[in-house]
Structure formats: structure tokens, C-alpha cells
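In case you want the letters, here they are:
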Amino acid sequence: MPLIKNGAEIENVWSFVPDEAELSPDGCVVVTLTRLLSQADLLLARNTAVGVRLMPEDDPHLLAEHLDRLGLIEISFPKYTDGRGYSQAQLLRRRLGYSGELRAVGHVLRDQILYMNRSGFDAFETARADLPSVLEAMSEFSSFYQPAADGARSVFAARHVGSQEG
Amino acid sequence: MYRYDEFDAQIVRDRVNQFRGQVERRLAGELLEDEFKPLRLQNGVYLQLHAYMLRVAIPYGQLNPRQLRQLARIARDYDKGYGHWTTRQNIQFNWVALKDIPDVLDLLADVEMHAIQTSGNCIRNTTTDHFAGAAADEVMDPRPWCEIIRQWSTFHPEFAFLPRKFKIAVTAAGHDRAAIRVHDIGLHMRERGGQVGFEVHVGGGQGRTPHIAAKVADFVPEGELLDYLEAIMRVYNRFGRRDNKYKARIKILVSETGEEAFRDLVEAEFEAQREAEKIALPQAEIERIHAYFAPPELAGKPATSAAFERAKAADPGFALWADANLHPHKQAGYASVTVSHKPVGGIAGDATDRQMMVVAHLAEAYGHEDIRVSHAQNLILPHVALDDMYEVYRELDAAGLATANESLISDMIVCPGLDYCNLANARSIPVGQAIAREFASLEDQADIGQLHINISGCINACGHHHVGHIGILGVDRKGEEFYQITFGGRADEKASIGQIAGPGLRAEDVPPALKRVVERYRALRTEKAERFIDVVERLGTEPFKEALYAAD
Ligand code: HEM
Ligand code: SF4
Numbered sequence: 002m003p004l005i006k007n008g009a010e011i012e013n014v015w016s017f018v019p020d021e022a023e024l025s026p027d028g029c030v031v032v033t034l035t036r037l038l039s040q041a042d043l044l045l046a047r048n049t050a051v052g053v054r055l056m057p058e059d060d061p062h063l064l065a066e067h068l069d070r071l072g073l074i075e076i077s078f079p080k081y082t083d084g085r086g087y088s089q090a091q092l093l094r095r096r097l098g099y100s101g102e103l104r105a106v107g108h109v110l111r112d113q114i115l116y117m118n119r120s121g122f123d124a125f126e127t128a129r130a131d132l133p134s135v136l137e138a139m140s141e142f143s144s145f146y147q148p149a150a151d152g153a154r155s156v157f158a159a160r161h162v163g164s165q166e167g
Numbered sequence: 375m376y377r378y379d380e381f382d383a384q385i386v387r388d389r390v391n392q393f394r395g396q397v398e399r400r401l402a403g404e405l406l407e408d409e410f411k412p413l414r415l416q417n418g419v420y421l422q423l424h425a426y427m428l429r430v431a432i433p434y435g436q437l438n439p440r441q442l443r444q445l446a447r448i449a450r451d452y453d454k455g456y457g458h459w460t461t462r463q464n465i466q467f468n469w470v471a472l473k474d475i476p477d478v479l480d481l482l483a484d485v486e487m488h489a490i491q492t493s494g495n496c497i498r499n500t501t502t503d504h505f506a507g508a509a510a511d512e513v514m515d516p517r518p519w520c521e522i523i524r525q526w527s528t529f530h531p532e533f534a535f536l537p538r539k540f541k542i543a544v545t546a547a548g549h550d551r552a553a554i555r556v557h558d559i560g561l562h563m564r565e566r567g568g569q570v571g572f573e574v575h576v577g578g579g580q581g582r583t584p585h586i587a588a589k590v591a592d593f594v595p596e597g598e599l600l601d602y603l604e605a606i607m608r609v610y611n612r613f614g615r616r617d618n619k620y621k622a623r624i625k626i627l628v629s630e631t632g633e634e635a636f637r638d639l640v641e642a643e644f645e646a647q648r649e650a651e652k653i654a655l656p657q658a659e660i661e662r663i664h665a666y667f668a669p670p671e672l673a674g675k676p677a678t679s680a681a682f683e684r685a686k687a688a689d690p691g692f693a694l695w696a697d698a699n700l701h702p703h704k705q706a707g708y709a710s711v712t713v714s715h716k717p718v719g720g721i722a723g724d725a726t727d728r729q730m731m732v733v734a735h736l737a738e739a740y741g742h743e744d745i746r747v748s749h750a751q752n753l754i755l756p757h758v759a760l761d762d763m764y765e766v767y768r769e770l771d772a773a774g775l776a777t778a779n780e781s782l783i784s785d786m787i788v789c790p791g792l793d794y795c796n797l798a799n800a801r802s803i804p805v806g807q808a809i810a811r812e813f814a815s816l817e818d819q820a821d822i823g824q825l826h827i828n829i830s831g832c833i834n835a836c837g838h839h840h841v842g843h844i845g846i847l848g849v850d851r852k853g854e855e856f857y858q859i860t861f862g863g864r865a866d867e868k869a870s871i872g873q874i875a876g877p878g879l880r881a882e883d884v885p886p887a888l889k890r891v892v893e894r895y896r897a898l899r900t901e902k903a904e905r906f907i908d909v910v911e912r913l914g915t916e917p918f919k920e921a922l923y924a925a926d
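These protein sequence lines are chains A and B, in that order. Add 1 to a position in the first sequence, counting from 1, and you land on the number used in this note's numbering. Add 374 to a position in the second sequence, counting from 1, and you land on the number used in this note's numbering.
In short, the hints are calculated from the structure, not lab data. Virtual Cβ for every residue (Gly too), placed ideally from N, Cα, C. Do not rely on the hints blindly, as some may be mistaken.
Claimed, not checked - Among chain A residues calculated to face chain B with C-beta under 7 Å, some are: (1) D83; (2) R95; (3) V156.
Excised from the complex, chain A in its bound form (with noise of 0.2 Å):
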């Protein structure tokens, strides 16, 4: 499945496990938020890196504390309309102050790239855009009305530049 970071397709080298599935040694991992609460000193003191993919439901500020270990974070998306995952990208992202990979995956669309990308998001896992339309969707619009995690200006300061509340 395509998996396009900063503008080019990359290639994945994580896999993720399952709970019922046993952790392979090696081989960059990704879990999810229950097992690596449960398993955090022993996974986090792997040689290679670890992720976590955090569902829907899963509450970020639970990760509070392993941000800096981690080398990936995945929301999934297991529908497009069920819009969680901005709110965990953005509590991520501004809130809790993650800055390593946030990648998106599961139901992830052309036309939710760029909300996803505004929110925080810097990784897309999509089986359903390739990277042409990924691009051309994150750069529809000129310009934004409110400030997001991607850290774009907003309009409201842009039409005050120079100004001094600007």
C-alpha cells in the first residue's frame, strides 16, 4: 500500500502486530495502545523502534510519558466519517507536543488528506491515492481561516501582518 511522508512515497518499514499475535525479536514494531501500556518497559527497551497505533477511542494523553521513545505513532481510520482522529492528531501534535512521524491509516481518502494534514499528520497509508493526487489535494486551498496543528498561518493574523496585535 502506498505510504507518501513529505511529499514523496516512501517505503513502510514497520509492521504491525496484532495483540494475539506474538512480537517477532527484531524489526521495527508498531502495537497497539493497550499492549504497549501493558508491555511498555519491555518494549521500549527493544534495540529497534517502536510505535503504537491508537484507535479511535484510545485517549492520547495515555502516551503522555512515552512520546519521546516512540518512533511512530498511527491513528487508524477504520471509516472515514468517524473523525476522532483529528482530535487525536491535534492533542498530539499542540497539546501533548509530539513531533516524531503521525501517520494515518486505514479508510484514508484523497479528499480527507488535507484536513488530516492540517490537523498534524505528516504520514498517509492509502491504498486509494497515489501520490499526484495526494499532492494536488494539499494545495486546493490558498489559505486557512483558523490556526491548526500544521501551523499555517491563519487569515485572521495574515490580514493583520505589520499590524501590532498582527
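Following the hints, put chain B with the ligands in place on chain A, whose structure we already have.
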């Protein structure tokens, strides 16, 4: 009124181009209908019983004549010559072809309009008092903050896939004409020690489980409003139910969580916001937006107008209309005019392209280029001099727009019902028409006074029956249409949900039964100024239930 700057204009054009691409991909089969659905919905495009429907946003219900003429052109060239004012101060076109919609959106962009977020599970058009900026009883003008909320909520990346649709309403008058307590968020603007702020109500709504909103904050200072709204939205986006679409509105989250606990969640989220997360709306931006809403320059006039009084004396039809359809203006010698879209026997809220042209002309000639859509599905000319009133009346009358019934018994809110809607249990429009015929005399309606009848064809409550002084709900009993009557609903500052009177009535029994109810009311009122709803407040619904079932 607000005018687009280069940012607003570009964003709306970007949106049209984006949607053009989406329609092309859909027509080429690259997008599945299921994937296209939320995209078209966020542009106001619904698939209905007969065709696609396009809902165009009219932010807080305000239009200028140029915009209204453009809507008339769209009605003429892309629809069957009419449009329909909605209860959320928007307009719907019922017969637009999907392939034409990008062109229609371009025409709208030409006059600074769009269809963004008029449907879908996102933050919808913000609504307000249709007399905003004109009403004698308002504390301040709510429109600048409605515009700020419009901009903030437009393409908000975090809140485009909420559990369910989300509606915000704002009022700034003592008498709430925006029904804020039956909205997902209702904001009541207040002034405290020289500071402007908002009383915040959350979790109101109609539909199958009606709720009156809970007050979650007494006073949020204006500079913090958007941050506070973000906190509410995030709590809803994270914790609102997604397992059942009938339980997904924020009203259910508030009631299942409990008002106290919900307030705590919002407060905790608001408190946790870091400085860098704040919207930090520049003061200069607040002022910039307010400047667009400066009141029109109205020539000073005496409180009474000789021309107006003369015309009233000479033309009883005008006198009746002037008594019913004018609302007190801030400035002496002026009034706000309700342009009734409720002709007896017609369809509530429908307007032809020609009628739109007439209203646009009147707004230009006499109305300081200002037009509003009311949630009761009428148009408003907010600033008309009493001196000009007779001219205005005559042109409206010639266009079939001068029914003297504002807030009277025939000024009903009626959903499309079984005639147009595939979810309906029963017809709504013919029942409304039969009631209007029962009370055909406008003199008699004037004597009855303010009485809101709201009719829905099923429990989805598009016709706001829960908050009608008299509510009528179509139900299906073994394949037969019945109508359940409620008394005592209201959407104003004393908002409450109507109480069901008892067993449903057959369609043909509804008008005579309501006649008995109205007669009972007239017998019970202490003076003419005591409205039906006041008598319900004083005596309860019992006398009216009795009258309802008192046949033979
Ligand atoms: C003709 C086809 C129509 C269909 C199929 C339809 C369907 C629905 C449905 C399913 C709901 C409930 C949504 C929910 O779960 O909250 C709803 C609500 C609503 N509809 Fe319609 N509708 C139609 C026409 C209209 C029209 C013409 C208007 C305006 C005049 C309208 C105004 C509303 C309003 C204001 C609500 C919200 C009630 C609330 O606050 O919960 N609808 N509609
Ligand atoms: S209330 Fe019911 S019948 Fe009426 S328009 Fe809404 S869904 Fe249709």
C-alpha cells in the same frame, strides 16, 4: 453587511474548483457514491426523492439585492423557477442537475455566496435574530460575531467529521427570536461591566428526542469565545456517540453524561489549552469585522408619519398588514417589514424568481439594500421608513407577498411531508393549507393574535412541531395518517417542548378541532394582549386538551 476580502474570495473559489474536480471524479467513476456522499453533503448537495437538491448558505440570513437577484437567476435557469427559504435561514433549490452544480457554485461565488457546510456532519450555517441590527429591543448587533464564527468554522480541519450535524445560533435581544435553546450551541450576547461576552447553552435540539439546551457558562468574554467553542467541539468530537445516528447529536452526550459532568469536561479541556493553541483573534480583526456592520445611515424622522397614517385610514388592507407585519425599529420613523411567504393555500417558504426580483428592487429603492431570511421562512426588509411603507406594501401585494399574517395562525412552519419526502409518515402541506382555510379571515387571525403552529410529517421534526405553540406531528397508524397535537411548545427565551394532548386525529378533524381550541383560548384570555401561549403558561394545557376532543 460583510464584504469578502481577497482571502474570503479566494477560499470560496478554491472550494468551487475542488468540488468541480470531485464531481468530475464521481461522474468518471473514480469516486464511489458512498465516498462522494460526505463531499457533496459538505457542499449542500443532497440526493432526494426526485432529484439532487442544492442548499445554499445565507450566513445569519442576510442578503443584499445583488445576491437575491443571483438566486432568482439560479431559480430561473437551473431550477423550475422557484426556491425555498428554509428554517435555518438558507435557500434550497430542488431540481438542480449534478453536472450543473459547479457552475451554480461559480455564480454564487460571483456574488460572495457559497454552499459550504450547509449539510454533512460539520458545523452548519450560524443563524441569528432576523431583526439583528434593527430591532428596538436588542442590546447589540450579533451579526459580527456570527461572521467571525462563520469564518472560524469554515473548513475547520478538526471538525469536518463530527458524529452528527452541528448548529450554532446567536441572539443579542431580550426576546430570543433565534431559538438558541433548541440549537446544539446557543449563544446569548450580554454586556457586563463594559465587556461583551456570551452566555453559552449546549445540547438543545429537536428531532426524535427533543431537548432544551443546558447552560454551561454564564459569561465567556468575547476574546475567549472561539477558544471556548473549540473546547466544546473537541469534547463532542471525541466523546459524542457514533454507534447510532439517532443518538449522535450533542444533546444526547450532554444528557447521558449529565449537565454537571459535561460542563466539567468542557472546562477541563478549555483550561488545558496551551497558549500556542489559542486562536488569538487579533483585536484589529474583531474591529475590522465589526466595521462592516455599521448601521445604515437613516435620515432622522419623526416617530409618526402623516403619509403612513393617511394610507392606513384610506386602505383597510394596508392597515391590517401594517398592524401585523411591521416590527419596531431602533430608530423613530422606521420599521422592519416581514415579507410574508405564507399565502393562504400556498406552500410555506416557496418564492418564485419574480418574487425575488421584486424584493430585491424594494430593498434597493426603500430598504438600504438589506434583506434577511427569517427562520419562520419569510423575508424581512429590516430598515424601511414609515413614509415609504405604502409604496412597499403595494408592490409586495402585487407580487402576492403581502399576506398580513406575521406570527399569526397562518404563518405556519410546515415541512415538505409525504408529498416530497421519503421519510414522511404523513402529509404536512395539505394539513397546513386546510388549517389556513379554516382561519381564512385575516381580521379574525389578527384578533386571535400571535399563535405559532408548526407541522412535521414525521418525528425528524423538520417542521419544528416540538416548539410550536400548537405542534402537529404526522404519524402512521396501520397505514393510515394521523396527527398528534401538542400544546405549549415555544422556542424563545422561555423555550419548552410541547406536551402531547392525547390520541392522534384524522386529517379532516384537525381544522375543526383547532377551531375549538382557539375559541376556548378566546374565552379564557383576560385581555387581547394575553396570547395563547400566555394562557397556556397561566392555566396549563388541560382546557385546550378538553376543547381539542370536544367534538359532538
Ligand atoms: C424533503 C426531504 C427532507 C428530508 C428527507 C429531511 C430529512 C431530515 C432528517 C432525517 C432530519 C433529522 C436529522 C437528525 O437526525 O437530527 C431532519 C432534520 C431537520 N430538517 Fe429536514 N428533511 C427534508 C426537508 C427539510 C426541509 C425542506 C427543511 C426546511 C424547511 C428541513 C429542515 C430541517 C430542520 C431544521 C431539521 C432539524 C431539526 C433538529 O433541530 O433536530 N428539512 N431532516
Ligand atoms: S419532518 Fe419528516 S416528513 Fe417532514 S421533511 Fe423532515 S423527514 Fe420529511
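A quick look at each hint next to the structure:
no. : hint : in the structure
1   : D83  : holds (6 Å)
2   : R95  : holds (5 Å)
3   : V156 : holds (5 Å)
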